[in-house]
Every structure is written in C-alpha cells, then in structure tokens.
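Visitor: The residues making up each chain are set out below.
2 protein chains.
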Amino acid sequence: MTRKQLIQQIQLKRSYLCVGLDTDINKIPAYLQTHPDAVFEFNKQIIDATQDLCVAYKINTAFYEAMGKKGWEAMEKTVDYIPKEQFIIADAKRGDIGNTSSQYAKAFFETLHFDAITVAPYMGEDSVKPFLAFEHKWAIVLGLTSNTGSTDFEQLKLVSGDGNQDSEFLYEAVLKKVSSWGNTNNLMFVIGATKASDLGEIRKIIPGHFLLVPGVGFQGGSLKEVSKYGLNNDCGLFGKC
Amino acid sequence: MTRKQLIQQIQLKRSYLCVGLDTDINKIPAYLQTHPDAVFEFNKQIIDATQDLCVAYKINTAFYEAMGKKGWEAMEKTVDYIPKEQFIIADAKRGDIGNTSSQYAKAFFETLHFDAITVAPYMGEDSVKPFLAFEHKWAIVLGLTSNTGSTDFEQLKLVSGDGNQDSEFLYEAVLKKVSSWGNTNNLMFVIGATKASDLGEIRKIIPGHFLLVPGVGFQGGSLKEVSKYGLNNDCGLFGKC
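If you're matching them up, the sequences are chains V and F in order. The opening residue of the first sequence carries number 553 in this note's numbering; numbering runs sequentially from there. The opening residue of the second sequence carries number 553 in this note's numbering; numbering runs sequentially from there.
Just so you know, these hints were derived from the structure itself, not from any lab. Treat each hint with caution, since some may be false.
What the hints assert, rightly or not - Short derived list, chain F residues pointing at chain V, Cβ under 10 Å:
id, residue
1, D643
2, L664
3, S702
What the hints assert, rightly or not - Listed below are the simulated SDA-like cross-link pairs for lysine to any residue, each with C-alpha atoms no more than 25 Å apart in a straight line:
id, chain 1, residue 1, chain 2, residue 2
4, F, K579, V, E662
5, F, K756, F, R555
6, F, K689, F, K579
7, F, K658, V, V711
8, F, K629, V, E625
9, V, K658, F, H587
10, V, K621, F, E662
11, V, K579, F, F686
12, V, K621, F, F686
13, F, K596, F, K729
14, V, K729, V, V711
15, V, K621, F, I599
16, F, K621, F, P581
17, V, K658, V, L775
18, V, K658, F, T700
19, V, K658, F, D589
20, F, K621, V, E625
21, F, K621, V, Y633
22, V, K622, F, S654
23, F, K621, V, V711
24, V, K709, F, D589
25, V, K729, F, T700
26, F, K729, V, E777
27, V, K756, V, E777
28, V, K622, F, K689
29, V, K621, F, N784
30, F, K681, V, E662
31, F, K622, V, D632
Said to hold, decoys possible - Distance ranges between label pairs, derived from CB positions:
id, chain 1, residue 1, chain 2, residue 2, range
32, F, Y583, V, K728, 47 to 55 Å
33, V, K780, F, K556, 50 to 58 Å
34, F, Q585, V, S732, 49 to 57 Å
35, F, H587, V, L584, 35 to 43 Å
36, F, H665, V, E637, 37 to 45 Å
37, V, N651, F, Q563, 31 to 39 Å
38, F, K728, V, N578, 34 to 42 Å
39, F, D600, V, N784, 34 to 42 Å
40, V, Y781, F, Q563, 36 to 44 Å
Values in this document were obtained by computation on a predicted structure and should not be read as measured data. Even for Gly, the Cβ is constructed at its ideal location relative to N, Cα and C.
Isolated chain V, as found in the complex (with noise of 0.2 Å):
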C-alpha cells in the first residue's frame, strides 16, 4: 500500500486506528476453543466487527508461531480475509545479517500478503535496509518501546561524535539514523503511547513518518496526548478526521 493509499483510507474513515491480532487460544470464548479452526474464526469476527472502524490490523507473529505450523495456516488465513483497503502489519520484530533479513522480507511481504513489518534496528543498516528495498511495502523500526524494558537500553545516553557528553539517547540515534536509510513511503518507526510527553520532541526528529503507537489504554497511553503530540506534519490527514 502506497503512503497516498493509507491517507485516503485515514480520511475516508476518519480513523487512524490500528486493530491488534494478538489472538491466544486459550484467552478466545469457550464456544469457539472447540473449533477446528478457532483461531481464523475468532479473527474473522472480530474483523467482520471493526472494519469500518479501523485502517490496519496488527498480526503479532509470536501468538500464531506458539501454534506451530497449524498457527501459521491460521495467518496465512487471517491475512487473506482482510480486506486489501486495509494496511496490514506483521508484528514480528525481526531483523538479522543482510541475506536473512532479505528472507524475512520476502516472507512477509511476498509468500504471506502483509504491507509492513515491524523491525529490531540492533544489528544496523544491514539488518534494516533489506525490509526497504519492497515497492510499496514498509518497515516499521522500533524506536521507542512501551514496555518498562525501554529504560534498559533505549534510553541509554550517548556519547557525541566529537566525544562531549551529549543529551541524545539510543532511540533518538536510531530513530535519526535510521531514517537517513528510507524515506517517508516505506519507513515507519514504534513509539510507545505511555511517553507520550516525548513525542513533541520525536516529532522534531521525524517529523513526516507515520508512527506506530502501542500502549494506548491498558498500558497506561492516553489517544489524546498522543493525538495532541505525535501526529505528522501532514496535519490536513489527522487534525481534521
């Protein structure tokens, strides 16, 4: 899907809400646990039920991977029924040494039909670019994570390239460095909800990417602190939805 395509669908639902696939087998109504295909089926109602709601589904890939090869069938499925106006995500996390992540790629975004995957920058441009080089496909990079774990290392600060003390942490290094590698049609970076105060700053730095934004609700992120500070500079798209 085309940046151009995404916005239409964000302006003709005036929703920019992303609906997450995280379906656990033992966490689904009893009624379809019997099911002999109660993972799609679950997912089947509650696209049937969000549809009209939402521009994009998130399959996180580790749900279905605990299923083995029944819980990729399942995905393969899932991806399939969604409906192709949809911006579907492979939540997956992945990123290795150039060639793998090439496989990577050519997994998600080929043998199965998703429009992007999220990516782990650690291992660098190798790792990443691999997931850019797909017409109209996109990467989206973790920057900024929800979770507690993000003060391990995300946050880390940085020593300056002229070897001063320097402000920057990890997430704003990646987060700069890596969108020197892509551009704003096949690049997207994560940024946690629950440090939604930051995203002024973030914006600073990105200001054009769509950003991917869990921990809204339960983890504590509010939509309108994060509507508030993180939108794009592509104000017309979100400001007036």
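We have chain V; now place chain F onto it with these hints.
Guide: Using the frame of chain V, we list chain F on its own:
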C-alpha cells in the same frame, strides 16, 4: 540440554562446531529441488554427514518462514530429525514485550523442541527474561554481531552513570546488564568472529558464558584467533579438546 551435557558432548566430540542450516531452496542441489520435501531432505543429508563432527545445529528461521507453512513444517521435521545429543538453536532473533516473548519461547521451546533461541536485546529486560524461564533451555542474546551494521548502534559509546564520558560501548552495556538477568546455565551471547581481537576484552565481562560465534570463514573470522581469545574460563572443556 544442561550446561553439563553440552560440555560432555564437546569433550566427547573434541569439537565446538555448530552447523548452520540456513537452507535456501534455490541453492540446494538441482536433483533435490524437485523433491516434494526438498528442504528437509537436504537438511537430512547434511545432518547425516556432520553429526559426528559437531555439537550443535543452528536453524535460521528466516529461510523456512520465506516458504510459508511448508517451510515451518520442514523446520519441525528437521528439529525432530536432529539427534537428541545435539544442541539445537533457533536462530530467530526474537524479542518483544513480556507476554509476546513468552509466546515466542513457547513456540521454540515447547511446540518445537529447540534447546536455544537467539534473542535481540533492544527492548530490554522484560523482552529477554521470558526466554530464561524454561528449565534446561537457553537464550542466546545478541552482543556484538559480525555484520557491517554492528557499527551503527552496537558500537556507539555511552555516557557513564555519573554523567562523565566513558569508554563503554552499547554492546558492553548489553553484555553486563543481560548477564545479570540470567546465568551461565541459561544464557549465552552472540559475538561475531570478525571482531576476534575484542574477544579478550569481552571475556573480562563475561568469562563463563558460552558464546555463539558466527563469521568464521566466509565473513573473514579466524578460527585460530577466536579459539585463542574466545574460549570460556572452564578451560578444560576447550583447551584440551
């Protein structure tokens, strides 16, 4: 597999070789490519030919995922075919918020029967710890990788806790912090062989942990150098093997 069992295998085989099964369907011999179960058949032949020479197999999950559910099935069959005395690694570079990492751990430790999984550290403690909660299973966390992109973030210098400049690299902070979350019985690290000269310094931080050392050979790492600087402090294991 326990540390003791792994050590016994190393002593018995006089080897600490790990064989990679990064099986690309397009690169296996032509006569096998038309086989209905080509990837598994290829792996079977590799395993048959190498099992007396190595102590571990490493399956690169990307190459299997690129084939969809058929690839996932080939991975399952391959894991089940590998002799039980071998240490079996899912080279999967996973890592996500706690409940998602738990699902990944379940996928590779319970649904599949891997002994270990490679883990990306970017998201911090709650993304790594779920992999350490399974008895006789291992997390192999990325420290300093062998690819060119390792200079982008892994080798950035950090400001020390007291605000002064410090010579610590991000990957050193990762080794220190992550090693405090587990122990030498459930945690290993990935350290690229292309940085063999750094291995001595790395061993000062983590003297006892096993290291998974990619990059020997094609990527330029020297087995002799790696063995000189990289063996752990349980010298009897390696020094005389």
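Visitor: Hint by hint, which ones does this structure get wrong, listed from lowest number up?
Guide: 6, 7, 13, 17, 23, 24, 26, 29, 30, 34, 39 and 40
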